[in-house]
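Protein sequence lines, in the order shown, are assigned to chains F and L. For the first sequence, the positions run 128 to 532 when our numbering is used. For the second sequence, the positions run 128 to 532 when our numbering is used.
Incorrect hints may have been included.
Each pair may be met inside one copy or between any two copies, as identical chains are not told apart.
Derived lysine-lysine pairs resembling BS3-like cross-links, with alpha carbons at most 25 Å apart [unchecked claim]:
| hint | residue 1 | residue 2 |
| --- | --- | --- |
| 1 | K140 | K328 |
| 2 | K425 | K529 |
| 3 | K488 | K140 |
| 4 | K313 | K264 |
| 5 | K529 | K363 |
| 6 | K529 | K474 |
| 7 | K286 | K363 |
| 8 | K286 | K425 |
| 9 | K474 | K135 |
| 10 | K345 | K488 |
| 11 | K474 | K140 |
Think of the hints as simulated: they come from the structure by calculation, not from any bench.
Residue-level listing of the chains:
Protein chains: 2
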Amino acid sequence: MELLNVLKRLRQKPQGKIILIVFDGLGGIPREPGGPTELQSAKKPNLDALAREGFCGLLDNVLPGLTPGSGPAHLSLFGYDPLIFDIGRGLLGALGIGFPIQPGDLAVRVNFCTTDPRTGFVTDRRAGRIPTETNEKLVALLNARVRIPGCEVFVRTEKEHRACVVFRAPDLYDAIAETDPQSEGKEPPRLAAALDDRSAKAAAFAAEFARQAADILKGEHPANNLLMRGYARFEKIPLLTETYDMRFAAIATYPMYRGVANLVGMDILPDAGETIASEFACLEKHFADYDFFFLHIKKTDSYGEDGNWDAKVHVIEEADALLPRARALNPAVLCVTADHSTPCVLKAHSWHPVPVAVWAKWGRPDGVDEFSERACAGGALGRMRGIHLMPILVAHALGLEKYGA
Amino acid sequence: MELLNVLKRLRQKPQGKIILIVFDGLGGIPREPGGPTELQSAKKPNLDALAREGFCGLLDNVLPGLTPGSGPAHLSLFGYDPLIFDIGRGLLGALGIGFPIQPGDLAVRVNFCTTDPRTGFVTDRRAGRIPTETNEKLVALLNARVRIPGCEVFVRTEKEHRACVVFRAPDLYDAIAETDPQSEGKEPPRLAAALDDRSAKAAAFAAEFARQAADILKGEHPANNLLMRGYARFEKIPLLTETYDMRFAAIATYPMYRGVANLVGMDILPDAGETIASEFACLEKHFADYDFFFLHIKKTDSYGEDGNWDAKVHVIEEADALLPRARALNPAVLCVTADHSTPCVLKAHSWHPVPVAVWAKWGRPDGVDEFSERACAGGALGRMRGIHLMPILVAHALGLEKYGA
Chain F
128 MELLNVLKRL RQKPQGKIIL IVFDGLGGIP REPGGPTELQ SAKKPNLDAL
178 AREGFCGLLD NVLPGLTPGS GPAHLSLFGY DPLIFDIGRG LLGALGIGFP
228 IQPGDLAVRV NFCTTDPRTG FVTDRRAGRI PTETNEKLVA LLNARVRIPG
278 CEVFVRTEKE HRACVVFRAP DLYDAIAETD PQSEGKEPPR LAAALDDRSA
328 KAAAFAAEFA RQAADILKGE HPANNLLMRG YARFEKIPLL TETYDMRFAA
378 IATYPMYRGV ANLVGMDILP DAGETIASEF ACLEKHFADY DFFFLHIKKT
428 DSYGEDGNWD AKVHVIEEAD ALLPRARALN PAVLCVTADH STPCVLKAHS
478 WHPVPVAVWA KWGRPDGVDE FSERACAGGA LGRMRGIHLM PILVAHALGL
528 EKYGA
Chain L
128 MELLNVLKRL RQKPQGKIIL IVFDGLGGIP REPGGPTELQ SAKKPNLDAL
178 AREGFCGLLD NVLPGLTPGS GPAHLSLFGY DPLIFDIGRG LLGALGIGFP
228 IQPGDLAVRV NFCTTDPRTG FVTDRRAGRI PTETNEKLVA LLNARVRIPG
278 CEVFVRTEKE HRACVVFRAP DLYDAIAETD PQSEGKEPPR LAAALDDRSA
328 KAAAFAAEFA RQAADILKGE HPANNLLMRG YARFEKIPLL TETYDMRFAA
378 IATYPMYRGV ANLVGMDILP DAGETIASEF ACLEKHFADY DFFFLHIKKT
428 DSYGEDGNWD AKVHVIEEAD ALLPRARALN PAVLCVTADH STPCVLKAHS
478 WHPVPVAVWA KWGRPDGVDE FSERACAGGA LGRMRGIHLM PILVAHALGL
528 EKYGA
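Let the sequences and hints guide you as you build the complete structure.
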């Protein structure tokens with residue numbers, strides 16, 4: 128909060144535009160001792176040129192050694208300390224399906240499950256992974272029938288057995304016990320009990336929702352009940368547009384990233400399409416209308432999670448080929464980086480710091496001659512917390528006044 | 128505290144073992160312009176290989192420019208911010224002699240001294256550095272005769288004129304004036320006066336102890352009195368075993384390092400022996416029983432304090448030759464670093480940051496090809512606070528979950 132307040136005092140109209148390209152899960156590790164990372168094996172002449180003409184570093188988007196989830200990682204890149212701005216799982220779920228979340232809302236992850244009609248015990252925590260169509264029918268049923276006096280309730284389908292529910296009323300806090308017993312055949316869903324005083328009101332709503340849902344679903348099969356976890360209250364975040372004197376746009380193909388961007392005050396461009404090429408086309412189309420563009424490339428992460436080395440490398444090469452179109456727009460600042468590493472070897476997010484390269488009209492090149500984890504380690508940015516990137520980008524567009532006289 | 132709480136939330140069972148080798152006082156500086164440091168002059172093919180196959184950096188164990196004492200430096204390496212967890216000298220003294228300190232204890236450094244029987248003035252603050260045997264006799268006398276109602280008192284010999292006293296009672300705080308006048312022939316021992324309200328109780332005990340000790344010792348020569356300083360209350364520290372889902376073992380030949388390790392929840396392996404070779408044998412013997420091993424090498428510091436360049440270099444080479452035995456154990460992570468620098472030129476601890484090299488099965492090598500202060504400065508860890516090392520080591524053994532979704 129402190130850093131954001133300082134920045135807000137220094138805000139001024141920038142003198143050029145900023146493009147921030149985030150390769151999701153870009154960072155990697157070698158698959159054999161002495162071998163290259165995914166990024167090092169890619170042919171990426173344009174990314175290398177950007178690094179050579181710019182300055183580089185490594186970012187820890189939470190803290191050294193901590194593996195960032197997608198939400199915290201993006202908050203960090205947008206300049207918000209994820210240790211202060213803690214976005215819970217329920218909220219990310221709601222953002223992921225594009226639910227228009229409001230400050231004060233309480234978002235909760237829901238699993239449809241199977242309980243034994245006789246004992247009430249949870250026998251399948253995922254109700255046999257019901258098809259999404261079944262999920263949609265059950266959600267429609269719940270939205271039609273659940274009524275909680277004093278509280279608006281929104282149930283939304285995610286996928287298969289997963290859904291989310293949003294409670295809207297004043298003073299809802301999120302220290303509430305999960306109803307998921309985390310075991311099968313041993314106990315019924317647990318009570319959504321308040322874990323502190325101020326969460327008592329929300330816990331009562333959650334418990335009432337669970338009670339009504341069990342009653343509404345009891346005749347269904349196999350999903351005759353539901354479990355709740357990941358309660359998260361949405362605390363208002365200071366908007367980027369309040370911190371900087373700029374207009375922000377997000378270009379992303381996945382709802383969750385659009386959701387996080389929207390949370391911090393970015394406009395979501397509706398015509399990003401489904402491919403990296405369509406995202407670059409969207410950037411070109413709207414380039415006159417905004418000062419800052421966040422362009423999100425998802426598939427590096429997806430293929431990292433799959434352990435698909437060649438496909439991950441290919442995505443990097445595909446984006447590299449498009450990069451000249453961004454440079455041709457003549458921004459003041461063009462930055463490429465990642466939210467976290469997703470090494471193919473681990474098939475998961477990891478703690479390894481991510482490479483960053485910043486090309487800027489008023490930048491100071493540092494002699495790094497390649498965009499790779501190893502080369503960036505020797506760059507002028509050093510190894511830095513991700514939250515410092517945003518002020519650096521804005522400064523290079525002359526969007527921050529002097530601090531003090 | 129905040130960081131430890133975050134880590135505790137993310138704890139999970141690791142997938143391999145971690146070995147942390149700390150060369151005490153390893154860091155050095157050149158003895159002539161353009162010359163090598165102690166570490167650079169050592170032949171250390173195994174340390175160099177570790178750096179080459181791993182990733183490196185420089186650590187500040189307190190803050191840049193601050194010279195760490197041994198206690199704070201080790202706390203930092205174990206992940207505790209020494210600016211928050213302040214372990215006073217009295218406590219380090221008690222730990223150094225293996226006293227089983229308990230939370231709430233008040234530990235104080237004692238010097239036997241000589242006072243003029245006529246004036247009461249302190250004439251020799253060290254009582255002519257009496258032999259340790261004399262110290263032991265005086266300590267036995269004090270333990271036999273001192274009686275303070277409502278407070279247990281433990282007096283223990285350190286060495287020569289140095290001893291320590293531990294007061295045990297509820298609510299003992301440590302803002303108490305030192306009785307050592309820091310001058311000779313000018314004034315008597317000062318009063319152990321309370322410097323804040325909550326320390327009044329402990330100050331009364333300390334003053335009463337000083338009064339009884341002066342009376343008990345008055346017929347002795349030359350040590351006919353004592354001085355007290357370095358009051359330190361032991362506040363309970365969150366244990367490593369609470370923060371991480373791991374079992375920790377310490378291998379150290381000196382009591383103080385065993386004491387600090389024990390304080391944070393490590394088991395002290397009893398058969399470390401007296402040499403570096405016996406410490407490595409101990410590591411091998413117990414390797415199956417723990418997840419994390421702290422192996423402490425003392426003599427680099429001792430020879431640094433002596434200004435004995437060749438002997439310090441030799442200790443590095445001796446440990447280097449043993450390093451393959453640690454690698455042969457097939458840990459997930461093997462780290463070598465130091466608590467602080469002890470340059471032979473200065474014959475004392477110094478503020479110079481310490482080199483660190485981490486080899487890890489799931490690591491990302493950074494191109495550093497030598498284990499030296501200079502080469503490590505170019506590594507992927509950058510220049511980092513020492514408190515971040517521990518999460519990095521545990522992350523590389525897959526012992527931390529993702530932060531957020």
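Against the structure, the hints come out as follows:
When the C-alpha separation of K140 and K328 is checked against a cutoff of 25 Å, the pair qualifies neither within a copy, at 44 Å, nor between copies, at 36 Å. In this assembly of identical chains, the alpha carbons of K425 and K529 lie at most 25 Å apart only when taken from different copies (19 Å versus 36 Å within one copy). When the C-alpha separation of K488 and K140 is checked against a cutoff of 25 Å, the pair qualifies only within one copy, where the shortest distance is 17 Å, while the shortest distance between copies is 48 Å. With identical chains, the CA atoms of K313 and K264 are never at most 25 Å apart, being 28 Å at best within one copy and 65 Å at best between copies.
In this assembly of identical chains, the alpha carbons of K529 and K363 lie at most 25 Å apart only when taken from different copies (24 Å versus 28 Å within one copy). When the C-alpha separation of K529 and K474 is checked against a cutoff of 25 Å, the pair qualifies only between copies, where the shortest distance is 13 Å, while the shortest distance within a copy is 44 Å. For the homomeric pair K286 and K363, neither the shortest alpha-carbon distance inside one copy (27 Å) nor that between copies (47 Å) is at most 25 Å. In this assembly of identical chains, K286 and K425 lie within 25 Å of each other by CA distance solely inside one copy; the values are 18 Å within and 58 Å between copies.
Taking the shortest Cα distances, K474 and K135 sit within 25 Å of each other only across copies (24 Å), while inside one copy they are farther apart (39 Å). In this homomeric assembly, K345 and K488 never come within 25 Å of each other (Cα to Cα): the closest approach is 64 Å inside a single copy and 50 Å across copies. Taking the closest pair of Cα atoms, K474 and K140 come within 25 Å of each other only across two copies (18 Å); inside a single copy the shortest separation is 43 Å, beyond that limit.
In this structure, the earlier hints numbered 1, 4, 7, 10 are contradicted, and the remaining ones agree with it.
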